[in-house]
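**Student:** Chains as they are written, first to last, in our numbering: chain A, 1 to 152; chain V, 1 to 660.
No lab work stands behind these hints: they were computed from the structure. Model, not experiment: these values are computed from the prediction. We put the beta carbon where it would ideally sit given N, CA and C, even for glycine. Be a bit skeptical, because a hint or two may be false.
[To be verified] No farther apart than 30 angstroms at their CA atoms in a straight line, the calculated lysine-lysine pairs in the DSBU-like style are these:
1) A:K33 with A:K78
2) V:K524 with A:K27
3) A:K33 with V:K485
[Claimed, not checked] Selected chain A positions facing chain V (Cβ under 10 angstroms, derived; list incomplete):
4) V20
5) P22
6) V25
7) R43
8) L45
9) N49
10) D53
11) D54
12) E90
13) V92
14) T108
15) A110
16) L113
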Amino acid sequence: MRFVLSLLAALVFSASAFAVQPDEVLKDTALEKRAREISSGLRCLVCQNQSIDDSDAQLAKDLRVLVRERLVAGDTDKQVESFLVQRYGEFVLLKPTFGAHTLLLWLTPALVLLLGGIGVYAAMRHRPRPAAALDAEERKALENLLKRNQDA
Amino acid sequence: MIVEAGHFALALALGLSLIQFIVPLWGARANDPVLMSVGPVTGLAVFVCIAFSFLALTVAYVTSDFSVVNVVENSHSAKPLIYKISGVWGNHEGSMLLWVLILALFGSVVALAKDSIPMRLQANTLAVQAAITIAFLLFILLTSNPFTRLIPAAAEGQDLNPLLQDPGLAIHPPLLYIGYVGFSISFAFACAALIDGRIDAVWARIVRPWTLGAWAFLTLGIAMGSYWAYYELGWGGWWFWDPVENASLMPWLAGTALLHSTVVMEKRDALKVWTILLAILTFSLSLLGTFLVRSGVLTSVHSFAVDPERGTFILGILILFIGGSLALFAWRAPMLKQGGLFAPVSREGALVVNNLFLATACATVLIGTLYPLALEVVTGEKISVGEPFFNLTFIPLILPLLLLLPFGQTLAWKRGNFLGTAQRLYAVFGISLLATIAMFAFEYGGPVAAPLGIGLGVYLILGSLNEIVTRSWAKGTPLSVAWRKAANLPRSTWGTVIAHAGVGLTVIGIAATAWGVEGLATVKLGERIKAGDYEARLERVVPRTEANYREDAAVFTIYRQGHELGTLESMKRLYVTRGMPTTEAGIMTVGLGQVYVSLGEVQNDGSVGVRIYYKPLVLLIWIGSVVMALGGGISLTDRRLRIGAPVRAKIPAAAAVPAE
Numbered sequence: 001m002r003f004v005l006s007l008l009a010a011l012v013f014s015a016s017a018f019a020v021q022p023d024e025v026l027k028d029t030a031l032e033k034r035a036r037e038i039s040s041g042l043r044c045l046v047c048q049n050q051s052i053d054d055s056d057a058q059l060a061k062d063l064r065v066l067v068r069e070r071l072v073a074g075d076t077d078k079q080v081e082s083f084l085v086q087r088y089g090e091f092v093l094l095k096p097t098f099g100a101h102t103l104l105l106w107l108t109p110a111l112v113l114l115l116g117g118i119g120v121y122a123a124m125r126h127r128p129r130p131a132a133a134l135d136a137e138e139r140k141a142l143e144n145l146l147k148r149n150q151d152a
Numbered sequence: 001m002i003v004e005a006g007h008f009a010l011a012l013a014l015g016l017s018l019i020q021f022i023v024p025l026w027g028a029r030a031n032d033p034v035l036m037s038v039g040p041v042t043g044l045a046v047f048v049c050i051a052f053s054f055l056a057l058t059v060a061y062v063t064s065d066f067s068v069v070n071v072v073e074n075s076h077s078a079k080p081l082i083y084k085i086s087g088v089w090g091n092h093e094g095s096m097l098l099w100v101l102i103l104a105l106f107g108s109v110v111a112l113a114k115d116s117i118p119m120r121l122q123a124n125t126l127a128v129q130a131a132i133t134i135a136f137l138l139f140i141l142l143t144s145n146p147f148t149r150l151i152p153a154a155a156e157g158q159d160l161n162p163l164l165q166d167p168g169l170a171i172h173p174p175l176l177y178i179g180y181v182g183f184s185i186s187f188a189f190a191c192a193a194l195i196d197g198r199i200d201a202v203w204a205r206i207v208r209p210w211t212l213g214a215w216a217f218l219t220l221g222i223a224m225g226s227y228w229a230y231y232e233l234g235w236g237g238w239w240f241w242d243p244v245e246n247a248s249l250m251p252w253l254a255g256t257a258l259l260h261s262t263v264v265m266e267k268r269d270a271l272k273v274w275t276i277l278l279a280i281l282t283f284s285l286s287l288l289g290t291f292l293v294r295s296g297v298l299t300s301v302h303s304f305a306v307d308p309e310r311g312t313f314i315l316g317i318l319i320l321f322i323g324g325s326l327a328l329f330a331w332r333a334p335m336l337k338q339g340g341l342f343a344p345v346s347r348e349g350a351l352v353v354n355n356l357f358l359a360t361a362c363a364t365v366l367i368g369t370l371y372p373l374a375l376e377v378v379t380g381e382k383i384s385v386g387e388p389f390f391n392l393t394f395i396p397l398i399l400p401l402l403l404l405l406p407f408g409q410t411l412a413w414k415r416g417n418f419l420g421t422a423q424r425l426y427a428v429f430g431i432s433l434l435a436t437i438a439m440f441a442f443e444y445g446g447p448v449a450a451p452l453g454i455g456l457g458v459y460l461i462l463g464s465l466n467e468i469v470t471r472s473w474a475k476g477t478p479l480s481v482a483w484r485k486a487a488n489l490p491r492s493t494w495g496t497v498i499a500h501a502g503v504g505l506t507v508i509g510i511a512a513t514a515w516g517v518e519g520l521a522t523v524k525l526g527e528r529i530k531a532g533d534y535e536a537r538l539e540r541v542v543p544r545t546e547a548n549y550r551e552d553a554a555v556f557t558i559y560r561q562g563h564e565l566g567t568l569e570s571m572k573r574l575y576v577t578r579g580m581p582t583t584e585a586g587i588m589t590v591g592l593g594q595v596y597v598s599l600g601e602v603q604n605d606g607s608v609g610v611r612i613y614y615k616p617l618v619l620l621i622w623i624g625s626v627v628m629a630l631g632g633g634i635s636l637t638d639r640r641l642r643i644g645a646p647v648r649a650k651i652p653a654a655a656a657v658p659a660e
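If we strip away everything but chain V, and leave its shape as in the complex, we get (with noise of 0.2 angstroms):
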């Protein structure tokens, strides 16, 4: 019966997402706030409905409704409980159902922001949302029903693939999703700008929050996905340039722009039409990712269904926004007004170079993942595009933004002096090169790269945390004094100084990797595997029998030059239902590195072929992301950034508003 509310629920959602589409586009062309205070409440009671519908399909997961396909299909009455609730968007239908869950959600949000946002904006960008969760409604209603009942039910369920039967799968799509479509508010709001014809500094203020937040979530959507690969897939890479992960690097290095040029266009008043079509094209490629993902082009474990159909309608959905908001742009955006002007070396030039490198970066991604594809269509050829080929491209073009970095945060708005920033910059360099020298010699003979980039992370870190310096202490300034002044620097400074030294972590977390160290070996019960100073000795393996699966643990003691560190377990599964099995590595960290331990065949005499890998401060990988994504929080509680604060640019009216 619930199964059944929760599809009426879904349905009613299509309806009243119509009438938040129609109803305030009228009001806020007729100018009539009767109708445009429709907005807020359709796009709540929309944000209500697709809710209860989500919870009617995670009752069914949880009680094991196998009179449900979808349930049949992705899930077991024997599986834990967190994988029963997770499970409901380990699939293709149940994941489209977290999309619009969370398309609502932002409307809603913007729906209840009613005293920040100037009415004929926020009828029209609800509007606009509203036109995006009729079109994925219609796709869910239409061709990916998850509320399709089974006659007669079946007595038992298919299980969920076993490699998403993992916390990842509980964190790595909400945090996905939150992001992508959270850029949707962006684009929404970008498109009522230009309906409105009407854009200025107040719209930037708006909009920046959340695109910073969009942002944030992608990050540590995209480090999740990261670091979940990196332990269940066994071998202990954590970035392929896979479609599906490059999918969700593109709307990252979009979002990054915009994120910057949101701060040109807020500060300054310029960049509005760059940043107004940044916001299309970010959005257009969460777009263009959805598609990728869910319509069977790829294959990979995200894409779970293979259906044509689906993927033509994911199509139709992509060209009617991408097309409808770039004719829009082009149609109005030559009506918008220039605003702030500003020299070459300036805090905004830089900010444009910045954009320039990291929409290239975007396009090479982008021609690296459809090229194949586009090329075989055309004359049939298979080609592979792989990890090479973005080496050669990707981080020559990363690596002259990453040396900016620290120039663009020290510049001065609308005009700035280069050798006067680089002066600035003198400590920051110096001590970035002694650690890069200490690095050579320290590892004397080792791979270059590493203490490079290792040098590259230390400025990063130590550029940024410099505007802090600079901003706070001068010669001769009582540290306390300084340090009362260094608190008291806006939110949103603290942000971007940390969100930057995160990219150093990054950065550094990266290079390290090449100083991995592996070992491969067949050993038996007490024989040792060495990797650089570590080794691993087998102990024992022990069968184990789980409700869903049966697997050999391999208990491993670890050594660190003879020194006992402790023991981890590595193990061989096999999900019953399924008969499919998956390796799980057995990982001890030390420090910001790790020991990685991967089991292969088990050998008819007993032995096991082990794969060791030792990994310095490879956490930082991560560490650094969720530091970047800290930053971004950081900088969302600047109260300057959401309330009318005094600013240079000219502000009508509507600004004396608190923008939250």
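Just chain A, same shape as in the assembly (with noise of 0.2 angstroms):
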């Protein structure tokens, strides 16, 4: 797998292109403007974390024309989303989906933030409070204490 993928990232340094290209704009901008932002949830297949709208790889460059084509034949973002994902798999996603599998990625933020919480709390609470005053014999230590200091 590693080696397949070292090969695919040689690949994507050779055929470089760049991001967008002038010949793959819609000539319709609002198509375009959803094209491009469906392309930017999506993973360009062969790089590290870069969005197909973003990365110079020719594989990027298919999936955008795919994107268009898609939304140009009148498929709504969704079904453009998941014809990608049936056919690459959920790895094309940027956004994983929320579900059994996912469960613990999504959660996790708000769990760390409760637990964390629920700790602060609890170690402020099991800790000894501060004495609200001081009891006959240590006021008595306190002005022995004081006098000293103004013998001194």
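Build the complex: two chains, separate frames, hints provided.
**Tutor:** What follows is the structure, encoded as structure tokens:
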């Protein structure tokens, strides 16, 4: 797998174009805007966490063209996405879907914050409170100390 | 010959590190000053050996010694001198050597600071430091030897990865490594304290400058890496949530939390156990970052070589140190005595909240980075975790932290008054709100995020400056007096204020990216391409041949609303040896914004695909980071921090010794 990835990475660099090409842009600006939005959420499969909108790779270009073709054919945004997921697996989505397999992923931030908050609360509660006032003995000791200070 | 000497010096350093590990540890247990004093001496010797070894490799690079495998694989005789030198760490073996060099450098500084650190603490710290050095020296010698010879020698080298042939390579890795490795000192001090079973405000005062220094360098390193990616990758993105970037962000977040909890520990003798744990976790995350980048688990421009044996070795180091230190923590931490008390609403309380959010943000980045790897191992499913995930999770965690920041900075120690604090911030609230409204009016109909973000940035800057004002000026104070008072405030106060203002600047820079505009077209000579108010006219395309690459440089004249601003060059390069093309974006700085022109394919008819961006205020992202690091640096110069000054906390006799 790693070998394949590095091979693909080499391909990425050798097939240099750059992000969206002028000839890919759709005439219909509303459609083009949707295409850009969809593209920025799709992973360039051979790159490191780059969307196909940002990537130079040939594959990203093919996917960009594909997205635009589907849009021109009248697909909704959702349909385009599910088409790509069917073809390339969930790996193509930069935003993982919420499901049983990603439950831990999506819930971790909230859980850590919650548990951390509970931990802090518990730690604060279990600390001995600072004594509200001095008892007679302490007051006497304090006076002695202060007196000694004045004498010095 | 010098290559063999370098190799030998590395082996010698390993032997010396073993002594540095065993003898001082024994000395500290037996309370024998002679044995303990072996630590500093060997610490210095290890540094000298590794420095020599590093020098030897540098010589091999500079003289293009193609009988060394490492030089053949990563250098070329026609490469400019600066890349011959920085190329030393532009590869796996060399970068690991730089790693241990910096580790040993820090060890030697601890060794030299013998008057300021209690002897037992120093001995234990140097021993822990040596343990880390041993592990990484073994790693280099056994799996990643940079001095391996090639027989027969090659006639020419294979050149350095063109993406790395950039001044950024000379700056980014050293800064980042000083940050990463600097946290090893906090870690070593934490382990030393646990071994000794004693920890107090003196410990915090000794450790704080190290943490602060490491943090400042890591900040600079990350900012530098971000700017490098921005101008090199050719589409103007500055943060990608790439696992490798995350690997540096995690120690930064944990280190930022550590910085703040050490303040509480130093001033109030509280949060001891947590601070120790954070010190351990921060360096563990640095190690994890090294593992992720160096093992080949991830492929990116940073992982120069893929070798499972190395991955397993670093994983072993990771488990040994993280597991070992956490076990030590679990065993010893319950023996640490709790210190100062504080009310929930207080500076300490605010710093606890700061730590809670930073730690959660760090955990979020951690799970986002590791989850896809873990899921693939466990179920074989492949998913991607990219920017949308982090935007949805990380940003909501950071926002409340930023909103609370000026409050926390204004609250009193021990017991604060929330309403009173809010009152002191009235003016800040007012001005920030006005700024936000003004921004909305100015852009009418533009993106909502930009004005809100800029308002937040203004609030952060004013909120932190407010501390200076309230501490030096009250109604009726003549300005000259206020000025003198402000100048006499402790450097650490100024450092805090400046670093927090830096956060505000970065926030403004990030918010303003929403106003960025771009244009995309195929242009012929003399034609223009537009992005917002800015236009670029393609003047000419000049082919050039340099020592190790060929390039087509396109010269553009830049106009703003029809007025000429000057010209810039955008290049497409081909590095001959590796046959690898790169794009070099043409960038023109206009105020704090930048015009960014990137070249695409040259068509058969001579026209060129061009992408132009205008990014308003984009420089603030990095300027803010530099200001943050500067704040850290100013705080470091605070004499009160380092010299035994009057403190409220109970301090044992050792505190009388100046802490540096």
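**Student:** It remains to establish, for every hint, whether it holds in the given structure.
**Tutor:** Each hint, compared with the structure:
Restraint check for K33 (chain A) and K78 (chain A): the C-alpha separation of about 15 angstroms stays at or below 30 angstroms, so the hint holds. As the CA atoms of K524 (chain V) and K27 (chain A) are separated by approximately 20 angstroms, the hinted pair is consistent with the 30 angstroms bound. The straight-line distance between the Cα atoms of K33 (chain A) and K485 (chain V) is roughly 56 angstroms, outside the 30 angstroms bound, and the hint therefore fails. For V20 (chain A), the suggested interface contact is upheld, since its CB lies about 6 angstroms from the closest CB of chain V, less than 10 angstroms.
Hint status for P22 (chain A) relative to chain V: holds, with the closest Cβ pair at about 4 angstroms, below 10 angstroms. Below 10 angstroms, beta-carbon pairs count as interface contacts, and V25 (chain A) has one with chain V at about 6 angstroms; its hint therefore holds. Given the 10 angstroms rule on beta carbons, the hint for R43 (chain A) holds: about 5 angstroms separates it from the nearest Cβ of chain V. The beta carbon of L45 (chain A) is positioned within 10 angstroms of a beta carbon in chain V (closest approach about 9 angstroms), and the interface hint is therefore held.
For N49 (chain A), the interface hint holds, the least distance from its beta-carbon to any beta-carbon of chain V being 5 angstroms, beneath 10 angstroms. For D53 (chain A), the shortest C-beta to C-beta distance to chain V is roughly 9 angstroms, which falls under 10 angstroms, so the interface hint holds. For D54 (chain A), the interface hint holds, the least distance from its beta-carbon to any beta-carbon of chain V being 5 angstroms, beneath 10 angstroms. At a threshold of 10 angstroms, the smallest CB-CB gap from E90 (chain A) to chain V is about 5 angstroms, leaving the interface hint in force.
Interface hint status for V92 (chain A): upheld, as the beta-carbon distance to the closest one in chain V is roughly 7 angstroms, under 10 angstroms. Given the 10 angstroms rule on beta carbons, the hint for T108 (chain A) holds: about 4 angstroms separates it from the nearest Cβ of chain V. For the restraint placing A110 (chain A) at the interface with chain V, the shortest Cβ-Cβ distance is roughly 9 angstroms, inside the 10 angstroms limit, so the hint holds. With a cut of 10 angstroms, the hint placing L113 (chain A) at the interface with chain V holds, because the nearest CB-to-CB distance is about 5 angstroms.
Of the numbered hints given earlier, the model fails hint 3 alone.
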